[in-house]
Amino acid sequence: MAFSTDMGIAQIQAGLRAGNFTAREVAQESLAHVKAADEKVHAFLELTEEAAYAAADRVDAAIAAGSFDELGPLAGIPCAFKDNMNQEGTHTTCASHMLENYVSPYTATCVQRAIDAGCIPLGKLNMDEFAFGSSTESSAFGPTHNPWDLDRVPGGSSGGSAAAVAAGLTCVALGSDTGGSIRQPASFCGIVGVKPTYGMVSRYGVVAFGSSLDQVGPFARSVEDAAAVMDAICGHDELDCTSQQVKADFRAACKQDVAGMRIGIVKEFMEADGLTAEVRERTLEAAAKLEAAGAELVEVELPHVDAAISAYYVLGPCEAFSNLARFDSVRYGLCDEGHKDLGGQYESSRAKGFGPEAKRRIMLGSYLLSSGVYEKYYYPAQQVRTLITQDYTSAYEKCDVILAPASPRTAFKFGEISDPATMYLSDVFTISLNIAGNGGMSMPCGLGRETGLPIGVQLMSPQFKDENMFRVAMALEKEYGTAPVAPEFSDGKAGE
Amino acid sequence: MTQHLTERDVRDIATYARIGLTDDELVQMTTDLNSIIDTLKPITEFDLDGVTPTFHPIGSLSNVMREDTERESFTQEVALENAPKQQDGSFLIPSILGEGGDR
Numbered sequence: 001m002a003f004s005t006d007m008g009i010a011q012i013q014a015g016l017r018a019g020n021f022t023a024r025e026v027a028q029e030s031l032a033h034v035k036a037a038d039e040k041v042h043a044f045l046e047l048t049e050e051a052a053y054a055a056a057d058r059v060d061a062a063i064a065a066g067s068f069d070e071l072g073p074l075a076g077i078p079c080a081f082k083d084n085m086n087q088e089g090t091h092t093t094c095a096s097h098m099l100e101n102y103v104s105p106y107t108a109t110c111v112q113r114a115i116d117a118g119c120i121p122l123g124k125l126n127m128d129e130f131a132f133g134s135s136t137e138s139s140a141f142g143p144t145h146n147p148w149d150l151d152r153v154p155g156g157s158s159g160g161s162a163a164a165v166a167a168g169l170t171c172v173a174l175g176s177d178t179g180g181s182i183r184q185p186a187s188f189c190g191i192v193g194v195k196p197t198y199g200m201v202s203r204y205g206v207v208a209f210g211s212s213l214d215q216v217g218p219f220a221r222s223v224e225d226a227a228a229v230m231d232a233i234c235g236h237d238e239l240d241c242t243s244q245q246v247k248a249d250f251r252a253a254c255k256q257d258v259a260g261m262r263i264g265i266v267k268e269f270m271e272a273d274g275l276t277a278e279v280r281e282r283t284l285e286a287a288a289k290l291e292a293a294g295a296e297l298v299e300v301e302l303p304h305v306d307a308a309i310s311a312y313y314v315l316g317p318c319e320a321f322s323n324l325a326r327f328d329s330v331r332y333g334l335c336d337e338g339h340k341d342l343g344g345q346y347e348s349s350r351a352k353g354f355g356p357e358a359k360r361r362i363m364l365g366s367y368l369l370s371s372g373v374y375e376k377y378y379y380p381a382q383q384v385r386t387l388i389t390q391d392y393t394s395a396y397e398k399c400d401v402i403l404a405p406a407s408p409r410t411a412f413k414f415g416e417i418s419d420p421a422t423m424y425l426s427d428v429f430t431i432s433l434n435i436a437g438n439g440g441m442s443m444p445c446g447l448g449r450e451t452g453l454p455i456g457v458q459l460m461s462p463q464f465k466d467e468n469m470f471r472v473a474m475a476l477e478k479e480y481g482t483a484p485v486a487p488e489f490s491d492g493k494a495g496e
Numbered sequence: 001m002t003q004h005l006t007e008r009d010v011r012d013i014a015t016y017a018r019i020g021l022t023d024d025e026l027v028q029m030t031t032d033l034n035s036i037i038d039t040l041k042p043i044t045e046f047d048l049d050g051v052t053p054t055f056h057p058i059g060s061l062s063n064v065m066r067e068d069t070e071r072e073s074f075t076q077e078v079a080l081e082n083a084p085k086q087q088d089g090s091f092l093i094p095s096i097l098g099e100g101g102d103r
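These protein sequence lines are chains A and B, in that order.
Per full-length UniProt numbering, numbering through the first sequence is continuous, rising by one, with the last residue being 496.
Per full-length UniProt numbering, numbering through the second sequence is continuous, rising by one, with the last residue being 103.
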């Protein structure tokens with residue numbers, strides 16, 4: 001069987017082992033597919049051909065030497081990285097003019113681990129500027145298009161990662177999730193997207209947005225592929241003091257069934273304003289399928305979850321304001337030259353380098369941390385965080401995994417949501433989990449009855465019990481099948 | 001919409017956050033921020049008496065220490081690679097105290 005850009009990890013590695021194709025051919029055909037198809041999708045900001053071929057040649061050498069099995073779980077697998085992840089020698093722009101000419105002098109731990117696990121790094125992926133957004137429309141280099149309908153957004157902020165995987169431009173990708181930035185685009189693009197528990201994956205070398213909320217995770221077209229990426233990237237890193245010692249085996253978890261597992265359905269989520277009928281229908285359908293597979297459904301309550309969005313839009317901008325202070329036009333990043341004083345250079349460089357949403361969040365954070373305002377919003381938001389965390393702790397006494405919608409609706413059209421406050425509501429089901437630091441993932445569960453677009457169901461786990469949600473995800477995948485490449489971008493060769 | 005911030009307030013915040021705004025941008029930013037701050041209202045309405053704040057999602061973090069030994073790190077050249085302006089192995093910036101001062 002020839003290599004197909006529709007293939008998953010197991011098929012690619014079986015083909016490599018059998019000598020049906022080489023890793024160099026995987027790299028060549030993948031890069032050719034990106035060059036042909038990405039004109040329409042615009043998922044990639046940079047291709048890393050040299051690194052891809054070097055990695056492929058290492059895999060081919062290992063196959064020739066009979067040591068393929070000693071390579072990691074991603075041996076020979078095309079992978080790409082959100083452009084907020086440093087990879088030495090690449091541009092790491094965060095989709096911002098601020099970092100347009102920045103070249104990474106080092107590599108993020110998550111990227112390094114994926115490369116060490118044998119992946120073929122294809123390039124860097126588009127995103128909302130500095131990950132501020134839910135549509136990838138705020139990229140300074142132009143939006144990414146949803147492979148299922150090119151007139152629609154792929155979601156965001158990791159829209160490039162989701163669209164690249166959905167269009168078969170790469171087998172797997174890494175993204176980051178601060179308030180839903182992996183799960184919402186995964187749901188809009190009909191693929192698997194995982195936001196692990198905070199501390200599961202090192203944040204070292206990932207440009208920080210909200211340091212107490214950010215977490216890196218995989219996109220894939222199957223649960224087992226996402227599990228393989230998790231096995232490659234998770235675990236303690238001495239360069240990130242918040243990363244934890246974790247003993248997890250995600251691929252092993254995929255082999256366990258859901259019999260006897262308790263699945264929590266959150267009343268507040270299912271009754272939420274703005275939840276469309278088609279998303280509600282598919283979510284309940286997924287719950288019924290799990291019950292049929294032997295799981296028990298229980299109703300749980302998250303009484304303070306309504307406050308999560310406002311808590312997030314206090315905490316996120318405050319942390320962003322602090323993190324983005326590093327862009328000083330002196331050490332790296334855009335510099336508007338010709339000013340006689342340093343203050344003028346700062347103001348003018350930051351005015352030119354940051355886009356409107358980045359400016360809004362920085363300004364909002366600056367305001368919220370000011371004296372008098374801090375006491376009114378910031379401190380209470382951290383108290384609300386305690387209540388939300390306690391809500392989840394109580395809910396998880398009654399269940400092992402929570403099932404909820406990932407997004408209230410399917411992918412929207414470009415320009416459809418222009419008001420920032422309305423855009424923020426698209427994260428209503430994902431945000432509370434970042435506030436609590438728990439794990440969550442979006443799983444494709446069919447197309448909407450009205451829109452015909454992909455819908456994702458969200459699975460949530462208690463802190464560091466992320467394997468739970470992979471077990472449930474596998475049970476759903478048995479019902480729905482693995483995620484297909486969006487029809488327009490399938491090369492149709494996977495079944496040959 | 002409640003007027004939480006005036007244009008004057010927003011100008012002050014911009015100065016503090018070191019972001020230059022044109023007059024048109026200032027008007028739009030004032031509208032946007034007021035609208036966003038409106039949506040944060042739920043935070044001010046909870047009874048939070050006696051609730052301990054959570055500043056970090058993982059509760060039981062302990063300090064991480066390592067041996068204070070020399071390690072490989074960026075060379076001066078690498079650290080300066082991305083600097084917009086440099087001189088004599090240092091970052092170059094405009095004057096801080098203004099021009100024409102005593103030397």
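Worth flagging that the hints you see were computed from the coordinates, not collected in a lab.
Here the structure is a predicted model, which means the values were calculated and not measured.
Treat the hints loosely; a few may be bogus.
Stretch by stretch, here's where chain A covers chain B in the computed footprint (C-beta under 8 Å, at least three residues) [stated by the list, open to error]:
no., stretch
1, 30-44
2, 48-55
3, 82-90
Backbone N, C-alpha and C define an ideal beta-carbon position, used for all residues, glycine too.
Evaluated hints:
no.: 1; hint: 30-44; in the structure: holds (count 12)
no.: 2; hint: 48-55; in the structure: holds (count 6)
no.: 3; hint: 82-90; in the structure: holds (count 4)
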